[in-house]
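K.L.:
The chain contents come next:
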Amino acid sequence: MFSRLRHLTTLENLPRECIERLLDRAITMRDACAHGTRKLDLLNGRTILNLFFEPSTRTRTSFELAARRLGADVINFDIGFSSTAKGEELFDTLHTLEAMHLDAIIVRHKVSGTPDELVRHAMSGVSVINAGDGNRAHPTQGLLDALTIRQHRPDFSALTVVICGDVKHSRVARSDVHAFTRLGAKEIRLCGPAPLMPDQQEFPDCKFYNNFDQAIEGADVAIMLRLQKERMSSIELPDEAAYFREYGLDSRRLAMAARGCLVMHPGPINRGIEIAPEVADGPQSRILEQVGNGVFVRMAVLGEMLAR
Amino acid sequence: MFSRLRHLTTLENLPRECIERLLDRAITMRDACAHGTRKLDLLNGRTILNLFFEPSTRTRTSFELAARRLGADVINFDIGFSSTAKGEELFDTLHTLEAMHLDAIIVRHKVSGTPDELVRHAMSGVSVINAGDGNRAHPTQGLLDALTIRQHRPDFSALTVVICGDVKHSRVARSDVHAFTRLGAKEIRLCGPAPLMPDQQEFPDCKFYNNFDQAIEGADVAIMLRLQKERMSSIELPDEAAYFREYGLDSRRLAMAARGCLVMHPGPINRGIEIAPEVADGPQSRILEQVGNGVFVRMAVLGEMLAR
Amino acid sequence: MFSRLRHLTTLENLPRECIERLLDRAITMRDACAHGTRKLDLLNGRTILNLFFEPSTRTRTSFELAARRLGADVINFDIGFSSTAKGEELFDTLHTLEAMHLDAIIVRHKVSGTPDELVRHAMSGVSVINAGDGNRAHPTQGLLDALTIRQHRPDFSALTVVICGDVKHSRVARSDVHAFTRLGAKEIRLCGPAPLMPDQQEFPDCKFYNNFDQAIEGADVAIMLRLQKERMSSIELPDEAAYFREYGLDSRRLAMAARGCLVMHPGPINRGIEIAPEVADGPQSRILEQVGNGVFVRMAVLGEMLAR
Numbered sequence: 001m002f003s004r005l006r007h008l009t010t011l012e013n014l015p016r017e018c019i020e021r022l023l024d025r026a027i028t029m030r031d032a033c034a035h036g037t038r039k040l041d042l043l044n045g046r047t048i049l050n051l052f053f054e055p056s057t058r059t060r061t062s063f064e065l066a067a068r069r070l071g072a073d074v075i076n077f078d079i080g081f082s083s084t085a086k087g088e089e090l091f092d093t094l095h096t097l098e099a100m101h102l103d104a105i106i107v108r109h110k111v112s113g114t115p116d117e118l119v120r121h122a123m124s125g126v127s128v129i130n131a132g133d134g135n136r137a138h139p140t141q142g143l144l145d146a147l148t149i150r151q152h153r154p155d156f157s158a159l160t161v162v163i164c165g166d167v168k169h170s171r172v173a174r175s176d177v178h179a180f181t182r183l184g185a186k187e188i189r190l191c192g193p194a195p196l197m198p199d200q201q202e203f204p205d206c207k208f209y210n211n212f213d214q215a216i217e218g219a220d221v222a223i224m225l226r227l228q229k230e231r232m233s234s235i236e237l238p239d240e241a242a243y244f245r246e247y248g249l250d251s252r253r254l255a256m257a258a259r260g261c262l263v264m265h266p267g268p269i270n271r272g273i274e275i276a277p278e279v280a281d282g283p284q285s286r287i288l289e290q291v292g293n294g295v296f297v298r299m300a301v302l303g304e305m306l307a308r
Numbered sequence: 001m002f003s004r005l006r007h008l009t010t011l012e013n014l015p016r017e018c019i020e021r022l023l024d025r026a027i028t029m030r031d032a033c034a035h036g037t038r039k040l041d042l043l044n045g046r047t048i049l050n051l052f053f054e055p056s057t058r059t060r061t062s063f064e065l066a067a068r069r070l071g072a073d074v075i076n077f078d079i080g081f082s083s084t085a086k087g088e089e090l091f092d093t094l095h096t097l098e099a100m101h102l103d104a105i106i107v108r109h110k111v112s113g114t115p116d117e118l119v120r121h122a123m124s125g126v127s128v129i130n131a132g133d134g135n136r137a138h139p140t141q142g143l144l145d146a147l148t149i150r151q152h153r154p155d156f157s158a159l160t161v162v163i164c165g166d167v168k169h170s171r172v173a174r175s176d177v178h179a180f181t182r183l184g185a186k187e188i189r190l191c192g193p194a195p196l197m198p199d200q201q202e203f204p205d206c207k208f209y210n211n212f213d214q215a216i217e218g219a220d221v222a223i224m225l226r227l228q229k230e231r232m233s234s235i236e237l238p239d240e241a242a243y244f245r246e247y248g249l250d251s252r253r254l255a256m257a258a259r260g261c262l263v264m265h266p267g268p269i270n271r272g273i274e275i276a277p278e279v280a281d282g283p284q285s286r287i288l289e290q291v292g293n294g295v296f297v298r299m300a301v302l303g304e305m306l307a308r
Numbered sequence: 001m002f003s004r005l006r007h008l009t010t011l012e013n014l015p016r017e018c019i020e021r022l023l024d025r026a027i028t029m030r031d032a033c034a035h036g037t038r039k040l041d042l043l044n045g046r047t048i049l050n051l052f053f054e055p056s057t058r059t060r061t062s063f064e065l066a067a068r069r070l071g072a073d074v075i076n077f078d079i080g081f082s083s084t085a086k087g088e089e090l091f092d093t094l095h096t097l098e099a100m101h102l103d104a105i106i107v108r109h110k111v112s113g114t115p116d117e118l119v120r121h122a123m124s125g126v127s128v129i130n131a132g133d134g135n136r137a138h139p140t141q142g143l144l145d146a147l148t149i150r151q152h153r154p155d156f157s158a159l160t161v162v163i164c165g166d167v168k169h170s171r172v173a174r175s176d177v178h179a180f181t182r183l184g185a186k187e188i189r190l191c192g193p194a195p196l197m198p199d200q201q202e203f204p205d206c207k208f209y210n211n212f213d214q215a216i217e218g219a220d221v222a223i224m225l226r227l228q229k230e231r232m233s234s235i236e237l238p239d240e241a242a243y244f245r246e247y248g249l250d251s252r253r254l255a256m257a258a259r260g261c262l263v264m265h266p267g268p269i270n271r272g273i274e275i276a277p278e279v280a281d282g283p284q285s286r287i288l289e290q291v292g293n294g295v296f297v298r299m300a301v302l303g304e305m306l307a308r
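Chains as they are written, first to last, in UniProt numbering: chain P, 1 to 308; chain F, 1 to 308; chain L, 1 to 308.
Be aware that one or more of the hints could be misleading.
Since the list gives no way to pick out one identical chain from another, each pair is judged satisfied if it fits inside one copy or across any two copies.
[Stated by the list, open to error] Calculated lysine to aspartate or glutamate pairs in the DMTMM-like style (CA-CA distance at most 20 angstroms, straight line):
(1) LYS168 / GLU236
(2) LYS229 / GLU89
(3) LYS207 / GLU54
(4) LYS229 / ASP92
In short, the hints are calculated from the structure, not lab data.
Build out the structure end to end from the sequences listed, making use of the hints.
P.N.:
Structure, rendered in C-alpha cells:
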C-alpha cells in the first residue's frame, strides 16, 4: 500500500520508497519500449499542458514524448517568455487552465518556488510537475540521474559522487543531492570556484571542494554542470580556457577517479569548457543514457500520477 | 430537420433554434465529460488548423482542447504575428491550406470581417470558425456567455444584463448582444465612458449608460469587459484608480444589482481596474465557469460542423 | 525486391525505380484519402520530429499533416531560428534526439549539406528527411513536382520543362532537375537573369536561357521560382515591374508554350513579380494541385521509411 504521488515539485521530502518505486516504474517503461511496444495506453484521454516560462526545448520535448508514449494529449501553452507571470496574474492563469479540465501542468519558471505556489493555489485535482524552478529544483533530472547511476552502480551505500561546476545556481545539483542522499549515497562532494559554490549550511551532509583534482579522487560518478557563460564575469577565472583548466573534466582528471567512474552531464554540454570532447564522447560517458532515461522517468512520474 | 452549420463567423444572423441547439449540445458534451468520458470519437480523422494572426493563448488552447477531446487532430499554423496577411496573400494562404484537405480553419485576425472574407474565397468544403475579428465578433464567446447565464437563469425573457467597459472596441460585447437578443433577453444595458461607447444606432435595442451605478441597478448579470491599458489615454479618466472608481465592479456596486447577480468577465481580468479582487473571486463570480463552458461550446460547434 | 529508403536527403542518386515507387505510393495515399479514409494506421506509435532551423510554416505543416494522417505522433522542436546550430553543437542536438528514440527527423537548414551531415553522424536507426538545405536540395518538392506532372503528362520522354527565375539559389530547381532527369525528361531548360543563373557545368544536360520568350517556346511545363525580393539588388533589373516584364509568366508568354502547358510554382507566389494573377489562378495552373500532392508524397516517403 502506498499513497500515490499527487504533485512533484521537489525530491526534498520524497520518501526513499517513493523514489525507488518511480525508478522501478521507469525500468518497466524502458523494458516495454525495448520489447517493441511503441505506445502504452495508460493515459488515454488525459491532457497534459506544458507551461514553460523559460525556454527549454529539450526538457519540454522529453516531457511531451513521455506523455504521448502513454497515450495522453499534450498542449503547449506558449507563454511569451518575456512575461513576468507572477502573483495574481499567475494564479489566474492557473485557475483558467484548471477550469479547462487539464490533468497535469508541467511548469518551468525562473522564480524558485513557483511550482509550490501553484500547488497551494490549485483549486481542482490538477497535478503540478516541476520542470525546473530557479536555482531550486529539477526533480525529474534528479530521478533520471539516480536511475542512470543505479543501472551501473546498484549499491548507493558504496557510492562517492562528485558534482562540479556552478553548484550555487544549479537546480540540477540540488535535486541530485536530494535524490542521492535519500538513496543512501556514501559521499557527495560539491566542487566549483568559490563564487559559484553555495553556503555550506545548505548542504550539511556534503563535502565542499574548490580543487577539482582533490574532489574527483576516487569518485564513482562525476556530474559536470553546465556553465552559463554569462557567469564567467562573476568568477575570478579570466576565460573559458582557464575555467576548463581548473574545473573541466579531461582524461587526466578522469584517470584520478575510481575505475570506470561514470561521466554525467545534464546537457547541453559546452565542449572544452566544462568537459573535454574525448571524455564527453568516451566510453565512460553516460550523457546520452541520461537523455533516454529522462523520457522513461517522466513516463514513470506521469503514469504514477495520472493513471486510473 | 435543420440545416447544419457550415461556418461560424458571427452570431448576428444565427436563428434562435440554432443557438439553442448549440447550447444543448454543449450541455451534452459537459455531461459526457462529467460522467468520466475523457474523449469522444466524433471527429476521429478530422484535422483542424489554428490560424491566429493575433496572439491568444487562452482561446487557442480552448479550441485545441475542444478539438482533441472530440478525437480530431490539431495543427497550429504559426503565423508571425507581425505579418499583415491581407488581400491576395491571405487568400493564397487559405487556398494552400484548403489544398492540404483540412476540415476546419479557426481564425483570429485584427481586421474585422476577415473570417467572412475567408468564407467568400474558400474553394473547398473547409469550415471557417471565427475566434475573434477586430471589434466585430467573437461568436464562441457569445455562446459560452449565453450558456453560463442559461445554467443559472434559464428564462432569458426575465433577464436584465449590463455590459460595462470598453464596449466600443469589444467583439465580446457585440457577440454577447447578438446572442442575448436572439434568446429574448428583456433588457441589455451598455455602460462605459463616452469615448469607449459605440454609436447608439449600432445597438438600437440596448440602453446606454455612462453611469455604472445607474446601469447596474437591478441587473441579473454583469459582464465586465477587459480594459486595454493603452486605451487609457483616449478617455478622460486620468488613471486606473479613477477608472475603477467610475466603472469597476466592487462589492458596493454589486449590492445594487439584483440579488445573486451573476458576475462575468471574458478574461484575462485586470484586478483593481475593471473588477475588485473580492468580486472576481467571490461567490457570485462565474468567470471560471465561463472558461469551462468555453471548451464545451467549442466542442459543440466543432461537433455540429464536422461530425459525419 | 527492393531496398527500402532509409534517409532522403537528395534525389540526386535515387534510382528511377525508387522515385517511381514513391510516386506510385503517393497515388495510393491519395486514392485512400479520396475514398474517405481519413487516417491510416501505418505509422501508429511512430514519432517524427520537425527540426526546422529556417522558418517554413507551409512545408512543416505539410509534413505534420502527412505524418498524422499515417497515425504518427509529431513533435515540433522549436529551435530559435537565430541559432547557428552547426558542427558539434548540431551533432549533440542530433544525438540527444536520437537518445529519445525518435523514428525520423525532418530537417530544414540554411547550410547546404546539413542533412547528410546528420546522416553521417547518426548513431541509431533514426531516419533523416531533408525539408530543404541551403541552395542544394528539397527532395520532397522534386517528388511532388514530378507527381503533378505525371498525372497530366505520363510520358516524360516527350516532355520539355522550363524552370524560370532565380535558379542559382534554388534548391527546388535542383531537386526538380534531379527528378525529371531520372524520369527521362526530353529537355530541361533553365532560364533567368545572368546573375541568378548557376554554372552551366553544374547542369550539363540542361539548356540555358536568359530570354524567357525563347525558353518557354513549346514547353509542356513551366515552373516559376519564387524571387527573394532581397535578391533584386544583385541583378541588373531596376525593379519588380522590370523583372516581371523580362521573366514573369503572363498570358502572352503562356500562349507561346505548348498547348495546355502546365503552370507550376513551389509557392508562396509573388503575384505580379514572377507570375501574373490571371495565370496563377487560370485553368492551366497546377499550383494548388502541387500543394495537395505535397502531402501525399510526404505520406509516401514516411510510409516507405517507417512502416513495419
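K.L.:
For each hint, tell me whether it holds in the structure or not.
P.N.:
Structure-based check of all given hints:
no.	hint	result
1	LYS168 / GLU236	within (15 angstroms within a copy, 51 angstroms between copies)
2	LYS229 / GLU89	between (32 angstroms within a copy, 15 angstroms between copies)
3	LYS207 / GLU54	neither (31 angstroms within a copy, 47 angstroms between copies)
4	LYS229 / ASP92	between (35 angstroms within a copy, 18 angstroms between copies)
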